[in-house]
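Peer 1: Sequence:
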Amino acid sequence: MPGILKLLRFYMKHGKMKILITESENFSAEALRILSEKFEVHQKDLHTVAALGECIADYDVLFIRLRFKIDKAILSKAPKLRFILTATTGLDHVDTDFFEANGGTIISLKGQSDFLNTIPSTAEHTWALLMALIKRIPSSFNDVKTGNWNRDAFKGHNLKGMKLGILGLGRVGSQVANYANAFGMAVSYYDLAVKSCTVNSFKDPELLFSWADAVCIHIPGDVKNQLYLNHKLLACCKPGAILVNTSRGNVWDENEVARLLTAGHLSGVATDVLSDEYSRINLNPLVKLAIDNQNIIITPHIAGATFESMQMTENFIAENFIKQLS
Numbered sequence: 001m002p003g004i005l006k007l008l009r010f011y012m013k014h015g016k017m018k019i020l021i022t023e024s025e026n027f028s029a030e031a032l033r034i035l036s037e038k039f040e041v042h043q044k045d046l047h048t049v050a051a052l053g054e055c056i057a058d059y060d061v062l063f064i065r066l067r068f069k070i071d072k073a074i075l076s077k078a079p080k081l082r083f084i085l086t087a088t089t090g091l092d093h094v095d096t097d098f099f100e101a102n103g104g105t106i107i108s109l110k111g112q113s114d115f116l117n118t119i120p121s122t123a124e125h126t127w128a129l130l131m132a133l134i135k136r137i138p139s140s141f142n143d144v145k146t147g148n149w150n151r152d153a154f155k156g157h158n159l160k161g162m163k164l165g166i167l168g169l170g171r172v173g174s175q176v177a178n179y180a181n182a183f184g185m186a187v188s189y190y191d192l193a194v195k196s197c198t199v200n201s202f203k204d205p206e207l208l209f210s211w212a213d214a215v216c217i218h219i220p221g222d223v224k225n226q227l228y229l230n231h232k233l234l235a236c237c238k239p240g241a242i243l244v245n246t247s248r249g250n251v252w253d254e255n256e257v258a259r260l261l262t263a264g265h266l267s268g269v270a271t272d273v274l275s276d277e278y279s280r281i282n283l284n285p286l287v288k289l290a291i292d293n294q295n296i297i298i299t300p301h302i303a304g305a306t307f308e309s310m311q312m313t314e315n316f317i318a319e320n321f322i323k324q325l326s
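For the sequence shown, full-length UniProt numbering begins at 1 and goes up steadily by one.
Calculated from the structure, these hints are not laboratory results. As the structure is a computational prediction, the values presented were derived from the model and not from experiment. Incorrect hints may appear among the rest.
Here are the simulated distance ranges between beta carbons [stated by the list, open to error]:
(1) L207 x G264: 20 to 26 Å
(2) S113 x H42: 29 to 35 Å
(3) I281 x A51: 15 to 21 Å
(4) E319 x V199: 36 to 42 Å
(5) F183 x S113: 24 to 30 Å
(6) I302 x K80: 28 to 34 Å
(7) G156 x C55: 48 to 54 Å
(8) N255 x A186: 29 to 35 Å
(9) K323 x L207: 39 to 45 Å
(10) W149 x C55: 50 to 56 Å
(11) D152 x E319: 52 to 58 Å
Note that the Cβ used here is the ideal one computed from N, Cα and C, for glycine as well.
All chains should be modelled from the sequences, with the hints used to inform the complete structure.
Peer 2: If you want it as structure tokens, here you go:
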């Protein structure tokens, strides 16, 4: 806080801070109004890292989404940059260590539990992916587009009575559990923060994976959870299980997931995230597998990208930024 106060005194003397909104398309009008009352705000819809690098030097604040990875190379071109605003819970798209070591402050949704409990988009997307896999919607639709009408080739399953395992019973996991209960599924979970076994939970993730017909993954993508779903844990999946990941791509071993799906040990995989979403997506083992395998669904990190949720979260970040500077 002393550093922020010092910065404020500087700008009170020398003029308004300049804010760059890097992805202006459908940016919240309310958030723009809030920021524009106190700061000089520039909106750009940038599509390349090179374009960002060419203009970033002039700005004190970046308001970003997920299009760019704000790494050391980019940050080194921004000597004036003091704040990064991001309406996300995860921060793997920002080199936080480098930025904070150089006096920067990041304002995100991380830890904002009360507010985040009002946002349903990631849980809804998780449920959509699960339903699409179980009911075989994408593969049957693709077949119809080729001129076929073969209902026998795309039999699905009932959700009622199916066993759903939830890895990580935080905000999103709890919302997914509510959906599952409404559909009559048997629900259990394992949470890394819960040490003792409670009702509807397992004391070990291996037990959860061996029990569940489908597992939804909702653990943070921080360092301690990298490759949490390793060869050993994935081997515990019961034959024919389904995996759905809307957390982060680095929490599981993508090569092993691809191998288990190819071998038929897993009957379906759906993910909204990849381990590296910023370079050579076509080389990702899951993307390569999806070209010819009908039992995998990949969406481009859109679970949180609803019009309503993005407006709400951008408003919240703008308001929180103002509060922190007040």
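Peer 1: Of all the hints given earlier, name the ones this structure violates by number, lowest first.
Peer 2: none
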